[in-house]
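A.B. asks: Since chain A is already given, all that's left is putting chain B on it; use the hints.
Below are the chains, spelled out letter by letter.
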Amino acid sequence: MLFFILKRLAQSVLVMAIVSAVSFSLFNFVGDPVNNMVGQDATREQRIEIRQQLGLDDPILTQYTRFLGNMMRGDFGLSYRIKRPVDELILERLPATLELVFVSAIIALFVGITLGIYTGIRRKSWISRSILSVSLVGVSLPTFIIGIALIYVFAVHLRWLPSSGRSGTIEFGWWKTSLLTVDGWRAIILPAITLSLFQLTLILRLVRAEMLEVMQTDFIKFARARGLSERAINFRHALRNTLVPVITIIGLNIGGLIAFSVITETVFQWPGTGLMFIQAVDFVDVPIMAAYLVFVALLFVLINLIVDILYFIVDPRIRLGE
Amino acid sequence: MTDLLQISGLDVDFPTRRGTVHAARGVSLTVQPGEVVGLVGESGAGKSTIGNAIIDLLEAPGRVSAGSILFEGEELRGRSEAEMRRVRGDRIGMIFQDPQTSLNPLMTIGAQLVETIEKTSDLRGSRAEERAIELLEQVGITEAKARLRAYPHQFSGGMRQRVVIALALAGDPDLIIADEPTTALDVSIQAQILDLIKRLCRERDLGVIIVTHDIGVIANIADRVAVMYRGEVVETGDVAQILGAPKHEYTKSLIAAVPRADRKLERFSSVDYIEGGNKPFERIDIQTHWLGASRDNRGTGKAIEVENLDLSFVLQKAVLKRNRKMLQAVDNVSFTVTEGQTFGLVGESGSGKSTVARLIAGLYRPDAGTIRVLGQDVSTRPNSAAAREARRALQMIFQDPYSSLNARMRVMDIVAEPIRFYRLTENEAETRRIVGDLLNHVGLGAQAALRYPHEFSGGQRQRISIARALASRPRILICDEPTSALDVSVQATILNLLKDLQQELGLTMLFISHDLPVVRQMCDQIAVMRHGQLCEVADAETLFKTPRHEYSRHLLELMPSMELLGEA
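Residue numbers (the UniProt record's numbering), protein chains in the order written: chain A, 1 to 322; chain B, 1 to 568.
It is worth saying that the hints were derived from the structure and are not from the lab.
Check before you lean on any hint, since a few could be wrong.
Derived DSBU-like pairs (lysine-lysine); straight-line CA-CA distance at most 35 Å [to be verified]:
#, chain 1, residue 1, chain 2, residue 2
1, B, 119, A, 124
2, A, 221, B, 198
3, B, 119, B, 145
4, B, 198, B, 302
5, B, 264, B, 302
6, B, 145, A, 221
7, A, 124, A, 221
8, A, 7, B, 325
9, B, 545, B, 302
10, B, 264, B, 325
11, A, 221, B, 545
12, A, 83, A, 176
Here are some of the chain A residues that sit facing chain B, going by a computed Cβ distance under 10 Å [stated by the list, open to error]:
#, residue
13, 35
14, 84
15, 218
16, 219
17, 230
Using N, Cα and C, we set each Cβ at its ideal position, and we do this for glycine too.
In isolation and in its complexed conformation, chain A is listed as follows (with noise of 0.2 Å):
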């Protein structure tokens, strides 16, 4: 197992090599630094200054290992736009991005992998068959507009919650939460459901089919011949069956959540790294989107690696294999 884990581990050092290197090219392949830097009017002496002082001279290797460098410590230096520190400023949005993407892959686990059993065993019935239908339009439907539809019927409409932005925080220390008031959670529900409504009906869709296919085995005939209740057969013996393949696609789907996030809080003005990044680009704030691809790839790398641990958890044949 150890052996295992270190080698998944020296992939992920691959991965995040390759995604730096990338992030680095941003800062010499997407305009000239010290132009996004300088005013207009700025003479030809500052600019050299300034090309000095940034290191802009140097040769590219010198200057990739100085950014590995700082990047290992977190220093992705200066927003060209706000002029903080970039760690700083993801740091104050990460909350913020982190609370909606818990919250929605707790609702798409949680509900997709209940509607999965149910239509799983439920073949037959009108409401698995409804589900079903309903299921179609999560997937079918882009997010934006589902989460403009949701903004429309409860917010405007209905005026049950708010339509946009962050409120009820409360702090401990950087982190900022807003899962503690009533008011946070207002305005948590509508962005959290828009973000797990695709993940949720693809949960659902994989489990029922799962469901289904384990159903078809002979062992769950055989737990039939014993007299087994209909219960002990689903749950103890069907679903854990099912969640061996379930729990790679959710891997990968949390980190799908992160990514997606970016719509989700642009339609919202939910202040997360999502939004941040958006806004970055609108003004090629170089800076802030090298360090959000270090930060998403770097999500994506350590969900993948506790996956990977999670299968030596729940499946024995991994775990005692030869």
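C.D. replies: Just chain B now, with coordinates in the frame of chain A:
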């Protein structure tokens, strides 16, 4: 005295869109306590359906439409699901074919036993666990206590089937239905499992129904036999009477098709009753045909020479060589196959016999040793023109007729592929004509060329495989368990076809099988393999009459007894 089980006039229907399929019609069967009843028939005969109908686990949309199932004098038909659940496991136990898949891979066998014991008795917690240990010991699993924590994949196939039997016994049932309980197991394991079932039957005064296609199993274990054909029981009787003096035409031909282990016959008895209505296709005169041409260099030389062959697989990877776990699949194997002969390679699963075949066919590269095909070294420079030419002369027929044909290619293209690959013909028209002739010759008819593999039965698919193998005008055929996935009657016709082709074309055959009676009928020389090594190479009749190696003797002893079979 009431019968333990009395089925009378049972009809099972499967309504489908194209009309109702009658899986069982008017089936009557009785089982007494302490008696093993064999339910024998070929695939699709409806024998498994009977077993499933008894415990009301027919697959949808199947249903029992007529008849009665009396168990200890009580009618089982029309019971509610909750009532049936109390019958299943508690009073009727079931054993399935494949021990690999009948256990939940994510639960320890202890957990599976305990949940079944708790369902069928008042024992709870540690008391249930003690009972589980007791059960495992009864089915012959040692160190039962430690084994409770083990997962199914940590057991071998035979051990797993013992666990399955322990599970079936957990509720102390009066009747056990065993559906092909040994089909997925090796001969030596099969004998042990059958002994176990028989012992439990006697000790506990159980009624046992054994559903099987294997006459050998029936001969070994059954007291009475019911023969099923197309959903009907055509004959019931004492095992000695059914096997020794069958009355029904179907039973006669079925028993005649069983390969004899006790003596060699020229051909397998034809099975007209089963084949009924299959009109023969026009066979070509192979000597004057394209297929028979360019064979004049036929000699009495050596077709395949294998010297000191080694191959090992990596089981567990590791950076350091000493930490790697290797499996020596083929260990210093040497033998020679004379041209025109059939050379049998026998052994149990994992003995390396298929690996040797794949090495010779060039599907694996050996770690060490040389392989010569028709005198040409094909192992040192496998891509040289001469080696490729030698490999054209050597073709393979695989075990599984379902996965060895590309489902998205027409039979025409499947059979023509070797011809096109080696550019053996002048033009497409000639290729098509040859494919048609080949399909006629193997008994499928030229019309088959336009269809897809899924439209054919297992036996017919194997005929397509044979036609494909013949298409490159080979001089050597490697047959890797060519009939082990087929019913016994189909097996007989395929083996007869192979024999005919060998005689007509003077083919050399390397015949790989675990089935000793089949090998005896087919082979001139036989090599016995175990753990990657050759135990013994001998003439077929010598091996069967006076085996020298201890393992050969062991294998021969395990062969199902054919004493009951008459001189049919």
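A.B. asks: With the threshold set at 35 Å, check whether the alpha-carbon distance from residue 83/A to residue 176/A stays at or below it.
C.D. replies: Holds, because 22 Å separates the two Cα atoms, which is no more than 35 Å.
A.B. asks: Given the hinted pair residue 7/A and residue 325/B, is their Cα-Cα distance within 35 Å?
C.D. replies: holds, 18 Å
A.B. asks: Given the hinted pair residue 221/A and residue 545/B, is their Cα-Cα distance within 35 Å?
C.D. replies: violated, 45 Å
A.B. asks: For a C-alpha distance cap of 35 Å, please report whether residue 221/A and residue 198/B respect it.
C.D. replies: holds, 24 Å
A.B. asks: Does residue 124/A lie within 35 Å of residue 119/B when you go C-alpha to C-alpha?
C.D. replies: Holds, because 29 Å separates the two Cα atoms, which is no more than 35 Å.
A.B. asks: Once the shortest beta carbon distance from residue 218/A to chain B is found, is it less than 10 Å?
C.D. replies: holds, 4 Å
A.B. asks: Given the hinted pair residue 264/B and residue 325/B, is their Cα-Cα distance within 35 Å?
C.D. replies: violated, 43 Å
A.B. asks: Checking hints one by one. Is residue 230/A an interface residue toward chain B, by the C-beta closer than 10 Å rule?
C.D. replies: Because about 8 Å separates residue 230/A from the closest Cβ in chain B, which is inside the 10 Å limit, the hint holds.
A.B. asks: Given residue 219/A as an interface hint, is the shortest Cβ-Cβ distance to chain B below 10 Å?
C.D. replies: With Cβ-Cβ at 5 Å, under 10 Å, it holds.
A.B. asks: Against chain B, is residue 84/A within 10 Å by beta-carbon distance?
C.D. replies: violated, 46 Å
A.B. asks: Residue 119/B and residue 145/B were given as a pair; does the straight-line alpha-carbon distance stay at or below 35 Å?
C.D. replies: holds, 21 Å
A.B. asks: So if I understand the rule, the pair passes when the alpha-carbon distance is 35 Å or less; does residue 545/B with residue 302/B pass?
C.D. replies: Given that 35 Å is the threshold and the Cα spacing comes to 26 Å, the pair holds.
Violated hints, in rising order: 4, 10, 11, 13 and 14; the structure is consistent with all others.
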